[in-house]
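> Sequence:
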Amino acid sequence: MCRNIKILYNFEPPTTEDEVQAAAVQFVRKVSGMNKPSRANEAAFERAIAAVSAATRELLDELVTTAPPRDREADAERRRARAAARYA
Numbered sequence: 001m002c003r004n005i006k007i008l009y010n011f012e013p014p015t016t017e018d019e020v021q022a023a024a025v026q027f028v029r030k031v032s033g034m035n036k037p038s039r040a041n042e043a044a045f046e047r048a049i050a051a052v053s054a055a056t057r058e059l060l061d062e063l064v065t066t067a068p069p070r071d072r073e074a075d076a077e078r079r080r081a082r083a084a085a086r087y088a
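Under this note's numbering, read the sequence shown as residues 1 to 88, first letter to last.
In case anyone wonders, no lab produced these hints; they're calculated from the structure.
Among the hints, erroneous ones may be present.
[What the hints assert, rightly or not] Okay, the calculated beta carbon distance ranges per label pair:
#  : residue 1 : residue 2 : range
1  : VAL31     : TYR9      : 38 to 44 Å
2  : ALA74     : LYS36     : 31 to 37 Å
3  : TYR87     : PRO14     : 18 to 24 Å
4  : MET34     : ALA55     : 40 to 46 Å
5  : ARG78     : ALA54     : 27 to 33 Å
6  : PRO37     : ALA76     : 28 to 34 Å
7  : LEU60     : VAL31     : 27 to 33 Å
8  : ALA54     : ALA81     : 33 to 39 Å
9  : ASN10     : ALA54     : 16 to 22 Å
10 : THR16     : ALA74     : 14 to 20 Å
11 : GLY33     : ASP75     : 27 to 33 Å
12 : SER38     : GLU12     : 36 to 42 Å
It should be emphasised that the depicted structure is a prediction, and the values quoted were computed from it without experimental measurement.
Even for Gly, the Cβ is constructed at its ideal location relative to N, Cα and C.
With the hints as extra help, turn the sequences into a complete structure.
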């Protein structure tokens with residue numbers, strides 16, 4: 001799994017559309033191998049981002065859990081601590 005793609009499920013406050021869109025962009029960039037598509041590929045790139053965003057939102061809306069919601073700040077702190085240990 002790509003290291004930069006973050007978990008989006010079961011957070012308080014809930015995942016925003018911007019976060020879903022950003023994850024879709026990352027995924028499409030990774031799969032296509034392009035950071036920015038050429039003009040010839042731009043429409044396909046945008047359609048793929050829209051499709052991945054829709055599928056992601058549908059998945060997040062349908063998942064069910066009894067676990068308490070995650071704390072965004074606590075997760076961010078854990079990621080920062082791991083990065084500090086890895087790159088110190």
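> Hints first: check each against the structure and report whether it holds.
Cross-check of the supplied hints:
Checking the proposed 38 to 44 Å range against VAL31 and TYR9 shows it is violated: the Cβ atoms sit about 21 Å from each other. Range check, ALA74 to LYS36: Cβ separation about 34 Å, and the 31 to 37 Å hint holds. TYR87 and PRO14 have their C-beta atoms about 31 Å apart, which leaves the hinted 18 to 24 Å range violated. A hinted range of 40 to 46 Å is violated for the C-beta pair MET34 and ALA55, which are about 20 Å apart.
With their beta carbons about 30 Å apart, ARG78 and ALA54 fall inside the hinted range of 27 to 33 Å. Against the hinted window of 28 to 34 Å, the Cβ-Cβ separation of PRO37 and ALA76 comes to about 30 Å, which satisfies the hint. In this structure the supplied range 27 to 33 Å is violated for LEU60 paired with VAL31, their Cβ-Cβ distance being about 20 Å. At roughly 34 Å, the beta carbons of ALA54 and ALA81 sit within the given window of 33 to 39 Å.
For the pair ASN10 and ALA54, the supplied restraint of 16 to 22 Å holds, since their beta-carbon distance comes to about 20 Å. Remark: the range hint 14 to 20 Å for THR16 to ALA74 is upheld by a beta-carbon distance near 18 Å. For the pair GLY33 and ASP75, the supplied restraint of 27 to 33 Å holds, since their beta-carbon distance comes to about 29 Å. At roughly 41 Å, the beta carbons of SER38 and GLU12 sit within the given window of 36 to 42 Å.
In terms of the numbered hints stated before, the structure departs from hints 1, 3, 4, 7, listed from lowest to highest.
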